[in-house]
Amino acid sequence: MSTLVLAFLLSVRFAFALTVDEILVQIDKNLTYEARDSSLTMTVTKGTRTKSYKMRSFGRGQDEMAMEYLEPARDKGTKMLKKVDELWMYLPAIEKVQKLSGHLLRDDLMGSDMSYEDLMESSRWQKAYNGTIVAEELVEGRKAWKIEMIARDTSVSYPKRLIWVDQASFIPVRQELFALQGKLLKTWLMRDIRKIEGREFPMKMVVEDQVEKGSRTEITFDRVSFEVALPEEVFSTRWLER
Amino acid sequence: MGILLQLAFRNLGRNRRRTLLTVLTVALGTGLLTVALSMLTGILLDTLKFAAAAVGHVRVVDPEYARRDQLMPLAYNLPDVAAVVAAAEGQPGVLSAHPHIMMGVTGAREDQDIGENFSLLHGAPIAYYTDILDLDVYLSSGRLPAKDGEAVLGETFAAELDVKVGGVVIVLGQTQDGSPSPARLEVVGLVDLGNKNVNRQTFVLLSQAQWLADLEGGATEVLVHTADHDDADEVAAALRSQSALSAYDVAAWNERPPFDSVGAFLQAVRGIVSGIIVFITGLGVLNTMLMSVLERTNEIGVMRAMGLTSSQTRAMFLVEAVTIAAFGGVVGVSLGSGVAFYLSRVGIHLGEAVAKAPAGIPLHETVYPHASVDTVVLAFLLGLAMAVVGGILPAWRASRIQPVEAMRHRR
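As they're listed, the protein sequences go chains A and B. Under the working numbering, the residue at position 212 of the first sequence is numbered 212, and the numbers go up by one with no gaps. Adding 1000 to a residue's 1-based position in the second sequence gives its number in the working numbering.
Some clues are possibly wrong.
[Unchecked claim] List of simulated lysine-lysine pairs, DSS-like, C-alpha gap at most 30 Å: (1) A:Lys213 / A:Lys96; (2) A:Lys204 / A:Lys143; (3) A:Lys195 / A:Lys146; (4) B:Lys1196 / B:Lys1147; (5) B:Lys1164 / B:Lys1196; (6) A:Lys183 / A:Lys76; (7) B:Lys1147 / A:Lys96; (8) A:Lys76 / A:Lys127; (9) A:Lys99 / B:Lys1164; (10) A:Lys96 / A:Lys82; (11) A:Lys195 / A:Lys213; (12) A:Lys96 / A:Lys127; (13) B:Lys1049 / A:Lys99; (14) A:Lys96 / B:Lys1164; (15) A:Lys29 / A:Lys213; (16) A:Lys99 / A:Lys82; (17) B:Lys1196 / A:Lys99; (18) B:Lys1147 / A:Lys76.
FYI, nobody ran anything at the bench for these hints, they're computed from the structure.
Given only the sequences and the hints, what does the whole structure look like? Please build it.
Spelled out as structure tokens, the structure:
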């Protein structure tokens, strides 16, 4: 019994001993994969309208991500490729790969509550933000650090984030994203955390627009695999055109 | 009264140089007023004509679209636009009803990245472009689109993309659900609509825009046109009472922003400009008349002693002022009308300042004054107002002069 108590106290001490930077590095690592192959469904709800998309997504490291739309028929064949700070899109209607730039990156991704920039910025928190642990709270029964993150450079999409990081999995289970003036823009939840091939992974994400009420995007991973060998071609513009 | 008039006219002739100077001041004021009022009327009419043509004398949209007008939400559309057009065209007083789609797109040449240059894309039947917008008149080169895959670009947008007639552009918009929706368009024409902001537009056929927005058989709005934009309120009320249109938002052009405030704004500017000119010219008249009162203090004293009442004294000076204003007004409106008429033919180039005006207020870089009988009469009446403004104080001073003190007064 005394061993158990000692182990508990040590774990608590270890938990508190982590600095914010260490937590953010851990989050970045946790959401970064040597290789990821997943199938997912994105359901976008705007008031009474709902539309679902089926996609296949590949990821490698922090900076490479490729995605192909499988459904609905109109969007089938649309592909996206992110490499570091650049984003390309293959548009089957004009059979062309087009590099996206400028203000377009702030547009909604398929009418969802996420922008193209949300995809680009997803795993650079430690570099982009200064964080402070402001509290420890329970989120859906799980212990989480509540961290206030202020952007080092205000040109990022969200100059301020409040994140709740699950202490067991280092997954940011809840995020509140703010504009420069402090207005809450979006909430982003990560749910249904499962252990897949040795890694903890949120199988569901829910993003809600707090400005346009009734706008909600739900992403459900139907299949995720990390132990895959992805061909080099997947992360090239050749793959987009194929 | 006859003797007062005689005295007034005689007094005007006593210091001819001063009278002439005052007449010229009033002439300059009324002339300026005629030109200024003609110019403001020209801007107002130009705005109304352009606004009515571009946005429809009456517009039928989904109520949610009307609420979020500025965002142009494609999701709130008219799915069966043919039924709405048929209902509107059946209404007496309606000349035409056209389905229309308006959406934001970003454009690029084939060899450019996309996302830096934005355009407002219009999709409408060709009749809307030729009969309502007169787009063929504004073509600076090429022709109007004849089929899907063809577009007319505003000159600003074309210059930003560095594309000419015969070139190809990629436009990327969104479907009503928000999916990216691209089109490869051949540029068949360029238009110069007279304003840099307005020239950042793209015009395609309705079917092309329907494909881009994924709105087959639909449109975001139906634009209804009447014989005169003044009929819009009446026709809008009649359309609202139709059961086929009861689910939609039906509004006359002057009930919608920014046009619900532009007219009042221009009228306010007209009032302010007129007020300033009347005030300044009035000061000129005031100066002359005050000098006249001072010079004639002794004489006024004698006339008051002989029985001229205060009100008769006031009337005499006011008659002098109004007579000056009448002469000056005739000269001023004649010259002003001539200048306004000339400018109405050649136009006044306002330049960049107008191009930077807030989007949605369609002012042209070149303004054509509108000289009309109404404007001339108004300028003349305001010229008389100048005289009254400038003549009241001297007349009042003259009427307060006591005969004994006046006769002691030294020049």
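(message) For each hint given before, does the structure comply? Return the numbers of the non-compliant ones in rising order.
(response) Numbers 1, 6, 8, 11, 12, 13 and 15 - these are the hints that the structure violates, sorted from lowest upward.
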